[in-house]
Amino acid sequence: QITLKESGPTLVKPTQTLTLTCTFSGFSLSTSGVGVGWIRQPPGKALEWLALIYWNDDKRYSPSLKSRLTITKDTSKNQVVLTMTNMDPVDTATYYCAHLHIAAALDYWGQGTLVTVSS
Amino acid sequence: QSVLTQPPSVSEAPRQRVTISCSGSSSNIGNNAVNWYQQLPGKAPKLLIYYDDLLPSGVSDRFSGSKSGTSASLAISGLQSEDEADYYCAAWDDRLNVVVFGGGTKLTVL
Chain A
1 QITLKESGPT LVKPTQTLTL TCTFSGFSLS TSGVGVGWIR QPPGKALEWL ALIYWNDDKR
61 YSPSLKSRLT ITKDTSKNQV VLTMTNMDPV DTATYYCAHL HIAAALDYWG QGTLVTVSS
Chain B
1 QSVLTQPPSV SEAPRQRVTI SCSGSSSNIG NNAVNWYQQL PGKAPKLLIY YDDLLPSGVS
61 DRFSGSKSGT SASLAISGLQ SEDEADYYCA AWDDRLNVVV FGGGTKLTVL
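Going down the list, the sequences are from chains A and B. The first sequence begins at 1 in this note's numbering and counts up one residue at a time. The second sequence begins at 1 in this note's numbering and counts up one residue at a time.
Hint data in this document are derived by calculation from the structure and do not stem from the laboratory.
For each label pair, taking beta carbons as the anchor points, the in silico distance ranges come out as:
(1) A:PRO9 / B:GLU12: 40 to 46 Å
(2) A:ASN56 / B:PRO41: 34 to 40 Å
(3) B:SER77 / A:LYS13: 45 to 51 Å
DMTMM-like cross-link-like pairs, simulated, lysine to aspartate or glutamate; straight-line CA separation at most 20 Å:
(4) B:LYS43 / A:GLU48
(5) A:LYS45 / A:ASP88
(6) B:LYS106 / A:GLU48
(7) B:LYS46 / B:ASP83
(8) A:LYS45 / B:GLU84
(9) B:LYS46 / A:ASP107
(10) B:LYS43 / B:ASP83
(11) A:LYS66 / B:ASP94
(12) A:LYS77 / A:ASP57
(13) A:LYS13 / A:ASP88
(14) A:LYS5 / A:ASP107
(15) A:LYS5 / A:GLU48
(16) A:LYS73 / A:ASP58
(17) B:LYS106 / B:GLU12
(18) A:LYS59 / A:ASP74
(19) B:LYS43 / A:ASP107
(20) A:LYS66 / A:ASP91
(21) A:LYS59 / B:ASP94
(22) B:LYS106 / B:GLU84
(23) B:LYS67 / B:ASP53
(24) B:LYS46 / B:ASP61
(25) B:LYS106 / B:GLU82
(26) B:LYS46 / A:GLU48
(27) B:LYS46 / B:GLU82
Even for Gly, the Cβ is constructed at its ideal location relative to N, Cα and C.
Full structure from sequences and hints, please.
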């Protein structure tokens with residue numbers, strides 16, 4: 001049974017750095033082919049891909065946000081961490097982490113965590 | 001503006017069939033698998049179709065996917081009120097080197 005859960009602050013101030021943690025179970029990020037991605041969704045808007053990390057530490061970032069994002073993994077803790085610098089009110093969104101299946105399909109998702117950016 | 005193009009909304013009566021289109025380019029749909037997600041109100045997205053036309057375990061066979069060239073479609077037959085949701089297509093993009101999503105389609109069951 002694969003589960004993922006996001007954790008982190010619910011409120012951040014503009015210009016601050018956001019750090020989100022995805023804690024998962026039911027799979028290992030040291031297993032060949034496995035990946036974990038981060039996706040966000042502003043209120044009432046569409047899904048937006050943010051970043052992805054593979055079992056071999058290969059990382060991919062959204063081109064539009066690449067300069068602000070860092071994704072890392074801690075295999076021993078079954079965690080993936082996403083940091084986003086210089087937060088802005090437009091970054092207010094529900095942030096999801098998800099398990100990457102074949103063909104870049106995301107087959108298991110966390111419940112999501114709403115992050116509000118406001119002074 | 002999303003890389004993949006979907007109609008903002010579709011509607012159909014119960015027990016009927018509806019299709020949702022997803023248009024892309026050679027760098028995404030034209031060269032990679034298409035995946036579809038269902039997002040019920042207030043919930044996380046759920047994988048509905050992967051690798052163009054495969055159903056994950058537990059997904060009703062009322063849902064089906066297809067692809068031709070740089071476009072893909074999701075079909076839902078025997079519409080039920082519980083199918084009211086937002087539907088998103090997605091695919092890997094070789095040029096951007098990331099997953100790209102469509103803008104989502106809101107399905108209303110009349």
